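Asker: Letter by letter, the chains look like this.
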Amino acid sequence: MNELQWGVKLALYAVMGLSIIAALGTVMLPNLFHSALALIGVLLGSAVIFLALHADFLAAVQILLYVGAVMTLVIFVIMLTERLNDKTLVQRNSQSIAAAIASVVFLFLTVKTILKTAWPVPASPVPPVEVSDLGAALMGEFVFPFEVISVILLATLVGAIVIAKKDKPA
Amino acid sequence: MDQIFVEAKSRTLELLKPFLPEWGLILASILMSIKVFAVLGPVTMMYLTLLERKVVGRMQNRIGPNRVGKWGLLQPFADGVKMLTKEDIVPAGADPVLHFMAPVLIVVPALLVFAVLPFGRGMTGVDLNIGLLYFLAVSSTTTIAIFMASWGSRNKFSLLGGMRSVAQMISYEIPMVLSVVPVILIAGSLSTNTIVEAQSSLWFAATPWGFFAFVIFFLCGVAECNRSPFDLPEAESEIIAGFHTEYSGMKFALFYMAEFMNSFTVSAMCATLFLGGWQGPLLPSWAWFMLKTYSLIFVMIWFRGTLPRFRVDHLMGLAWKFLLPLTMINIFAVGFWYFNAGIVRWLGTAGILVLSFWTLSRLNQDYVLEKRVYRFAD
Amino acid sequence: MIIPLEHFLIFGAVIFTIGIYGALTRRNLIGILISIELILNAVNINLIAFSRTHADNPVAGQIFAFFVIAMAAAAAAVGLAIVLALFRVRKTILSDEIDLLKW
Numbered sequence: 001m002n003e004l005q006w007g008v009k010l011a012l013y014a015v016m017g018l019s020i021i022a023a024l025g026t027v028m029l030p031n032l033f034h035s036a037l038a039l040i041g042v043l044l045g046s047a048v049i050f051l052a053l054h055a056d057f058l059a060a061v062q063i064l065l066y067v068g069a070v071m072t073l074v075i076f077v078i079m080l081t082e083r084l085n086d087k088t089l090v091q092r093n094s095q096s097i098a099a100a101i102a103s104v105v106f107l108f109l110t111v112k113t114i115l116k117t118a119w120p121v122p123a124s125p126v127p128p129v130e131v132s133d134l135g136a137a138l139m140g141e142f143v144f145p146f147e148v149i150s151v152i153l154l155a156t157l158v159g160a161i162v163i164a165k166k167d168k169p170a
Numbered sequence: 001m002d003q004i005f006v007e008a009k010s011r012t013l014e015l016l017k018p019f020l021p022e023w024g025l026i027l028a029s030i031l032m033s034i035k036v037f038a039v040l041g042p043v044t045m046m047y048l049t050l051l052e053r054k055v056v057g058r059m060q061n062r063i064g065p066n067r068v069g070k071w072g073l074l075q076p077f078a079d080g081v082k083m084l085t086k087e088d089i090v091p092a093g094a095d096p097v098l099h100f101m102a103p104v105l106i107v108v109p110a111l112l113v114f115a116v117l118p119f120g121r122g123m124t125g126v127d128l129n130i131g132l133l134y135f136l137a138v139s140s141t142t143t144i145a146i147f148m149a150s151w152g153s154r155n156k157f158s159l160l161g162g163m164r165s166v167a168q169m170i171s172y173e174i175p176m177v178l179s180v181v182p183v184i185l186i187a188g189s190l191s192t193n194t195i196v197e198a199q200s201s202l203w204f205a206a207t208p209w210g211f212f213a214f215v216i217f218f219l220c221g222v223a224e225c226n227r228s229p230f231d232l233p234e235a236e237s238e239i240i241a242g243f244h245t246e247y248s249g250m251k252f253a254l255f256y257m258a259e260f261m262n263s264f265t266v267s268a269m270c271a272t273l274f275l276g277g278w279q280g281p282l283l284p285s286w287a288w289f290m291l292k293t294y295s296l297i298f299v300m301i302w303f304r305g306t307l308p309r310f311r312v313d314h315l316m317g318l319a320w321k322f323l324l325p326l327t328m329i330n331i332f333a334v335g336f337w338y339f340n341a342g343i344v345r346w347l348g349t350a351g352i353l354v355l356s357f358w359t360l361s362r363l364n365q366d367y368v369l370e371k372r373v374y375r376f377a378d
Numbered sequence: 001m002i003i004p005l006e007h008f009l010i011f012g013a014v015i016f017t018i019g020i021y022g023a024l025t026r027r028n029l030i031g032i033l034i035s036i037e038l039i040l041n042a043v044n045i046n047l048i049a050f051s052r053t054h055a056d057n058p059v060a061g062q063i064f065a066f067f068v069i070a071m072a073a074a075a076a077a078v079g080l081a082i083v084l085a086l087f088r089v090r091k092t093i094l095s096d097e098i099d100l101l102k103w
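Residue numbers (our numbering), protein chains in the order written: chain V, 1 to 170; chain P, 1 to 378; chain C, 1 to 103.
Hints are computed from structural coordinates only; laboratory data are not their basis.
These figures come from a predicted structure and were not determined experimentally.
Please note: incorrect hints may appear among the correct ones.
[Stated by the list, open to error] Ranges of calculated distance between the beta carbons of each label pair, as one might list FRET restraints:
| id | chain 1 | residue 1 | chain 2 | residue 2 | range |
| --- | --- | --- | --- | --- | --- |
| 1 | V | Thr113 | P | Phe357 | 57 to 67 Å |
| 2 | V | Asp167 | P | Gln60 | 14 to 24 Å |
| 3 | V | Val151 | P | Pro91 | 19 to 29 Å |
| 4 | P | Ala78 | V | Pro125 | 54 to 64 Å |
| 5 | P | Val373 | C | Arg88 | 53 to 63 Å |
| 6 | P | Pro21 | V | Phe106 | 18 to 28 Å |
[Stated by the list, open to error] Listed below are the simulated BS3-like cross-link pairs for lysine-lysine, each with C-alpha atoms no more than 27 Å apart in a straight line:
| id | chain 1 | residue 1 | chain 2 | residue 2 |
| --- | --- | --- | --- | --- |
| 7 | P | Lys371 | V | Lys9 |
| 8 | V | Lys165 | P | Lys156 |
| 9 | V | Lys168 | P | Lys321 |
| 10 | V | Lys165 | P | Lys35 |
Just so it is clear, CB atoms sit at the ideal spot from N, CA and C, and this is done for glycine as well.
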């Protein structure tokens with residue numbers, strides 16, 4: 001059974017590495033469609049990480065919503081706003097070197113803090129969360145954010161339609 | 001007889017036991033299940049193409065293919081050889097990555113869903129406790145592959161067909177997801193096995209809310225597979241072949257395979273959720289499952305042979321203005337069902353649903369055009 | 001836990017940093033939106049990792065991540081609607097060509 005654990009660990013590290021490569025592809029590829037596909041790769045990788053963390057409902061919801069709906073929307077808009085000479089344009093603006101240095105410094109500081117902090121170990125292992133627990137929490141403890149987010153989504157729907165509508169000819 | 005496949009698998013594992021370490025046994029068990037699905041998927045698709053051609057032929061008053069082998073049973077092999085030997089043409093301006101990856105990425109979700117279908121008693125591939133949500137999530141990633149195919153082909157008709165197909169698929173996903181919510185409410189779980197076992201007393205399709213949910217889920221499933229009467233994206237007489245215009249040879253065979261595997265999985269899921277899955281009196285459980293699935297596939301082929309195609313605004317109007325409100329009222333009706341008992345709940349639920357169906361169909365009728373007034377130049 | 005907590009947190013931090021680099025650097029407006037989605041996804045990974053190991057209310061972490069996904073979808077929808085409207089008027093989606101308010 002130890003070998004299976006090793007196999008799963010290796011697979012998880014491989015998925016994490018591939019997701020990081022895909023994330024680098026997202027921000028650096030000049031072709032926008034390819035970078036959207038790389039983002040889909042990152043989202044699928046993080047769905048696998050969610051599964052490894054026993055958040056199976058959230059992994060399925062991530063694939064259903066993020067990959068199935070949000071990325072479809074993004075790709076739709078990419079296809080609607082494409083210009084022919086965009087492919088030869090460079091995709092980095094003038095502050096890319098400063099941004100790179102700042103990001104690396106930020107990453108270094110964050111990783112140092114993470115490694116230095118003594119994360120408290122829980123007394124007893126945390127019980128895995130079932131889908132029914134999530135449902136009960138949404139309707140019980142978190143019912144107010146649930147209602148608020150339904151209002152937000154309604155506002156988003158109406159707002160997006162109003163903003164993106166073509167103006168009627170006078 | 002019922003557990004013949006489960007017994008075969010455990011006997012094979014026992015035979016392998018002295019040779020393999022413990023983790024090897026687990027790996028062997030997983031590989032055996034995967035191999036069964038990897039063989040079952042394409043073989044199903046091949047014989048589904050033959051079934052469709054013969055049934056549509058009979059509906060059109062002709063015999064289908066019957067030359068290759070008795071009753072045309074070797075026809076799929078002939079089709080396979082034809083597709084393999086065709087030249088693989090890639091358009092000059094096509095994006096090579098997108099054009100190549102699209103047929104691969106469209107088959108992957110179609111195959112992944114086979115893992116959660118309950119083929120018989122104890123014969124689910126993986127009994128996930130989010131099985132139904134996994135099915136819905138994985139089949140929603142098909143839209144990305146269709147985008148890739150239509151955009152990578154650099155063809156206006158491809159692009160138009162692809163956009164229409166994606167618009168249709170995302171519109172019909174919402175009533176599909178909402179129509180299984182009543183099933184989840186009553187069965188109390190997302191696992192496909194639990195849902196089948198919750199129907200041991202009464203099939204869900206025999207209840208008023210279940211009947212409406214069954215019809216809505218089936219229609220949305222037919223729309224998700226881009227089959228007639230929802231096949232505007234690949235209509236031959238209108239848009240050449242939609243998003244798979246520029247594909248030939250094996251890549252086209254992969255698209256075709258994905259469409260048929262999708263129709264198999266949608267029918268299988270429909271049979272699981274609403275028609276009682278593998279439950280039935282005399283025959284073994286996997287025989288009942290296949291019987292129910294194939295009768296739903298027969299209904300899909302019947303639709304194709306009989307009904308004309310939808311116009312695109314009728315298609316979208318049906319999803320957003322009719323099916324979506326009906327699914328929401330269905331969720332309300334199943335709440336009514338849950339909290340009442342006896343004859344009250346049957347009559348109440350049926351009453352709510354029939355009334356809402358009638359109201360929605362009245363509201364969705366096309367307006368009557370005004371009488372035209374002709375004015376002639378004098 | 002199969003992998004120590006720090007590795008998940010470092011993974012989240014790396015993706016967050018890559019997202020920030022992308023949001024600061026991309027010229028294309030949709031590229032900026034895609035990088036923001038990366039940032040929100042990294043936050044989700046962090047939340048779920050903590051919910052699995054340390055929470056005395058583990059449901060809260062997953063519910064929080066759930067709401068972050070919903071808010072990210074809403075933000076992407078409105079952002080893309082604005083991009084579409086802008087494209088219709090200015091015929092461009094490169095952020096340095098949209099500089100009418102610049103002084």
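Asker: Mind listing which of the numbered hints don't hold for this structure, in increasing order?
Answerer: The structure breaks hints 2, 3, 5, 6, 7, 10; every other hint is satisfied.
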